[in-house]
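K.L.:
Here is how the chains run, residue by residue.
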Amino acid sequence: MTKNMLILIAEDDAGHFELVRRNLWLSCVENDIMHFKDGQEILDFLFDRSNGSKFEGSDRYLLLLDIRMPKVDGGEVLRRIKEDKDLRKIPVIMLTTTDEVGEIDRYYELGCSFYMVKPINYKKFMETVENLGAFLSLESVRVPTIEA
Amino acid sequence: MRTEAVIIIAEPDDSCFSMIKSGLRRAGISNEIIRFCDGQATLDYMFVPDEGGKLEGNREYLLLLEVDLPKTDGAEVLKKVKEDGELKKVPVIMLTSVDDAETVERCHSLGCSMYIVKPGEPDGFSDVIQKIGLFLLSVEIPQINGVERTSGIFE
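Those protein sequence lines, which keep their order, are chains A and B.
For what it's worth, our numbering labels the leading residue of the first sequence as 59, then goes sequentially.
For what it's worth, our numbering labels the leading residue of the second sequence as 50, then goes sequentially.
This is chain A alone, in the form it adopts within the complex (with noise of 0.2 Å):
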C-alpha cells in the first residue's frame, strides 16, 4: 500500500486495538497508525482542524472504524465523513464485534467500504486481521489525497 497513508482505527476496547494493530503488522502493514478511543475524538481529530487536531491535508488515510463506542457511536461517524465533500474520499471499513445481520445494510447505504465482524474466536479474529492487513499491504491499492 501507499506508504504515505496513515491508517486511522477509532476503537473504545484497548485489548481489541493492541491486536489488531499487531496482525496488522504482522501482515507486513508498515504504515504509521493512530488510535481514537470514541467517535468524538476521530470527529475532532477530521473536523476540528484548528483545535490542535494534527489532520494534515495533502496526506492520505485509510479509517477502520468500531461501531459501539462512546460518545459517538461509529454510525453517526461514518454518516459524518461521508456527508463531507472531501472527507468523503476517504475509505472506512466497519470492524465490529456485534453481528447484527440488519445493521449491514445501514453502514453500506451510508457508504462504508466494507463491513467486518470480528469473530469471537480468538484465532479467527487473528486470521480475519491477517487477512485485512494482507489486502491494505497491496502495494496496487490506491486512495487519495484528501485536501485540508
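One should not assume that every hint holds.
Claimed, not checked - Far from chain B, some chain A residues (derived; all Cβ distances over 12 Å):
no. : residue
1   : H74
2   : W83
3   : I91
4   : Q98
5   : D102
6   : F103
7   : K129
8   : V130
9   : G133
10  : P149
11  : I178
12  : E188
Stated by the list, open to error - Below, a list of computed lysine-lysine pairs in the DSSO-like style, where the Cα atoms sit at most 27 Å apart:
no. : chain 1 : residue 1 : chain 2 : residue 2
13  : A       : K143      : A       : K129
14  : B       : K70       : B       : K131
15  : B       : K129      : B       : K70
16  : A       : K182      : A       : K95
17  : A       : K182      : B       : K70
18  : B       : K70       : A       : K140
19  : B       : K70       : B       : K137
20  : A       : K95       : A       : K143
21  : B       : K120      : B       : K167
22  : A       : K95       : A       : K129
23  : A       : K140      : A       : K129
24  : B       : K167      : B       : K131
25  : A       : K143      : B       : K129
26  : B       : K70       : A       : K143
27  : B       : K128      : B       : K70
28  : A       : K182      : A       : K143
29  : B       : K131      : A       : K143
30  : B       : K137      : B       : K167
31  : B       : K167      : B       : K70
32  : B       : K137      : A       : K143
33  : B       : K137      : A       : K140
34  : B       : K128      : A       : K140
35  : A       : K95       : A       : K181
36  : B       : K120      : B       : K70
37  : B       : K120      : B       : K137
38  : A       : K140      : B       : K131
39  : B       : K167      : B       : K129
Simulated from the structure, these hints should not be mistaken for laboratory data.
Beta carbons are placed, not taken as given, at the ideal position from N, Cα and C, and that holds for glycine.
Model the placement of chain B on the given structure of chain A, informed by the hints.
P.N.:
Structure of chain B alone, referenced to chain A:
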C-alpha cells in the same frame, strides 16, 4: 461473504478475466461469477431486471469493475450504481489498469470501496487477486432488496 453472494466482473480482456477468476477460486471463493465485457451490459444487468437482466432481490452482490470499459466507462457505471437508492449498497472494487491520481480521486469520491491497480506481471497479478479473495471471505456483504429501482437513466 456468504457463498450465495454473486460476484459481477466487468472486464473486457479475456486473459485478465481468466486470471481474476482463477485467482479468486484459488483463494477458496466458490461463488457464482458473472462477467460482462462492457459498461452498458453491466448496467443493463443491474438496472433492468425485466429486460434480460437477472439481478434478484434478497441476494448479495459484489462488483469488480475495470475503469477502461467500452461503451460506458467504469467510473460512469460506478456513478450510476452509487446514485441508485438500493444498488448503492453493492460494494464496488475498482480493479483496473488505469493508474492516475485524478481517476483514483474521482472513483473514491463517487463511492468505490477500494481502488486497486492491476500489476503488470502475471505473478504479481495472481498474488493481488488471491489477497483480494481472502479478504473478501472475511467481509460481510449486504443483500439487495427486491424493491423497485429508479429507471430514469434509460429514458
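K.L.:
Compare the structure with each hint and give your call.
P.N.:
Now the hints, each set against the structure:
no.	hint	verdict
1	H74	holds (16 Å)
2	W83	holds (17 Å)
3	I91	holds (18 Å)
4	Q98	holds (25 Å)
5	D102	holds (23 Å)
6	F103	holds (19 Å)
7	K129	holds (25 Å)
8	V130	holds (22 Å)
9	G133	holds (14 Å)
10	P149	violated (6 Å)
11	I178	holds (14 Å)
12	E188	violated (9 Å)
13	K143(A) / K129(A)	holds (24 Å)
14	K70(B) / K131(B)	holds (25 Å)
15	K129(B) / K70(B)	holds (25 Å)
16	K182(A) / K95(A)	holds (24 Å)
17	K182(A) / K70(B)	holds (26 Å)
18	K70(B) / K140(A)	violated (32 Å)
19	K70(B) / K137(B)	holds (24 Å)
20	K95(A) / K143(A)	holds (25 Å)
21	K120(B) / K167(B)	holds (21 Å)
22	K95(A) / K129(A)	holds (10 Å)
23	K140(A) / K129(A)	holds (19 Å)
24	K167(B) / K131(B)	holds (23 Å)
25	K143(A) / K129(B)	holds (18 Å)
26	K70(B) / K143(A)	violated (35 Å)
27	K128(B) / K70(B)	holds (25 Å)
28	K182(A) / K143(A)	violated (36 Å)
29	K131(B) / K143(A)	holds (15 Å)
30	K137(B) / K167(B)	holds (24 Å)
31	K167(B) / K70(B)	holds (14 Å)
32	K137(B) / K143(A)	holds (17 Å)
33	K137(B) / K140(A)	holds (13 Å)
34	K128(B) / K140(A)	holds (15 Å)
35	K95(A) / K181(A)	holds (24 Å)
36	K120(B) / K70(B)	holds (23 Å)
37	K120(B) / K137(B)	holds (21 Å)
38	K140(A) / K131(B)	holds (13 Å)
39	K167(B) / K129(B)	holds (23 Å)
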